[in-house]
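Participant: Sequence:
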Amino acid sequence: MRQCSRSACSQPAVATLTYVYADSTVVLGPLATYAEPHTYDLCADHATRLTAPRGWDIVRLAVDMTPPEPTPDDLVALAEAVRQAAVRPAPGEPEPTRRSTRSVAASDPTLLSATERRRHLRVLPGQTPADALSDASDDDDADGGRFDRPFDGREGPSRR
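Quick note on UniProt numbering: the sequence shown kicks off at 1 and runs consecutively.
Just so you know, the hints here were simulated from the structure itself, not pulled from any lab data.
The beta-carbon is built from N, C-alpha and C at its ideal position, and this holds for glycine as well.
Among the hints, erroneous ones may be present.
[To be verified] Estimated spans, in silico, between C-beta atoms of each pair:
1) Ala81 / Tyr19: 31 to 39 Å
2) Tyr21 / Ala81: 35 to 43 Å
3) Glu36 / Asp57: 19 to 27 Å
4) Thr51 / Val76: 33 to 41 Å
5) Thr48 / Gln84: 36 to 44 Å
6) Gln3 / Gly55: 18 to 26 Å
7) His38 / Pro125: 33 to 41 Å
8) Ala86 / His38: 34 to 42 Å
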């Protein structure tokens, strides 16, 4: 069962919204059989409150606003997922071991290439992190002096 495409809405979808850009038309029709790109599934509440952009037309096709009942396929899939999550090894069987996702090279820095060892942030040679912070705070005139005087609204942007 599909949900409404609107963010933070978890209601079941009952209608499909499609934009026809060539005709500046919004089409609100019955729930599509399959979810397709550039279409939006809406719940009954969002479908009834739909508005179109200025200058656009809305075509409302006959839509049954009652949410569809869960199909047996949905229920079977849910039951199967619960069964899989509940499967535990029988007594006497060893529990499956968790495998590490890190490679051997990642645990030994000498095996990494130069590009793999490089990180996004790094300290430049001859400079400590404390030096970098003090250099940044010494730059009091970072705005070029543009904000040293009050703005009275009559002058344009300064072009120094």
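Participant: If a hint holds in the structure, say so; if it doesn't, say that too.
Facilitator: Right, here's what the structure says about each hint:
1. Taken as a hint, the range 31 to 39 Å holds for the pair alanine 81 and tyrosine 19, whose Cβ atoms sit roughly 34 Å apart.
2. For the hinted restraint 35 to 43 Å between tyrosine 21 and alanine 81, the CB-CB distance of approximately 39 Å keeps it satisfied.
3. Between glutamate 36 and aspartate 57 the beta carbons are some 22 Å apart, a value that agrees with the proposed interval 19 to 27 Å.
4. The supplied range of 33 to 41 Å is met by threonine 51 and valine 76, whose beta-carbon atoms lie about 39 Å from each other.
5. About 39 Å separates the C-beta atoms of threonine 48 and glutamine 84, a value consistent with the hinted range of 36 to 44 Å.
6. A hinted range of 18 to 26 Å is violated for the C-beta pair glutamine 3 and glycine 55, which are about 30 Å apart.
7. Judged by the Cβ atoms, the range 33 to 41 Å given for histidine 38 and proline 125 is violated: they are separated by roughly 52 Å.
8. Between alanine 86 and histidine 38 the CB atoms are about 39 Å apart, so this pair conforms to the stated range of 34 to 42 Å.
Checked against the numbered hints listed earlier, the structure breaks hints 6, 7; every other hint is satisfied.
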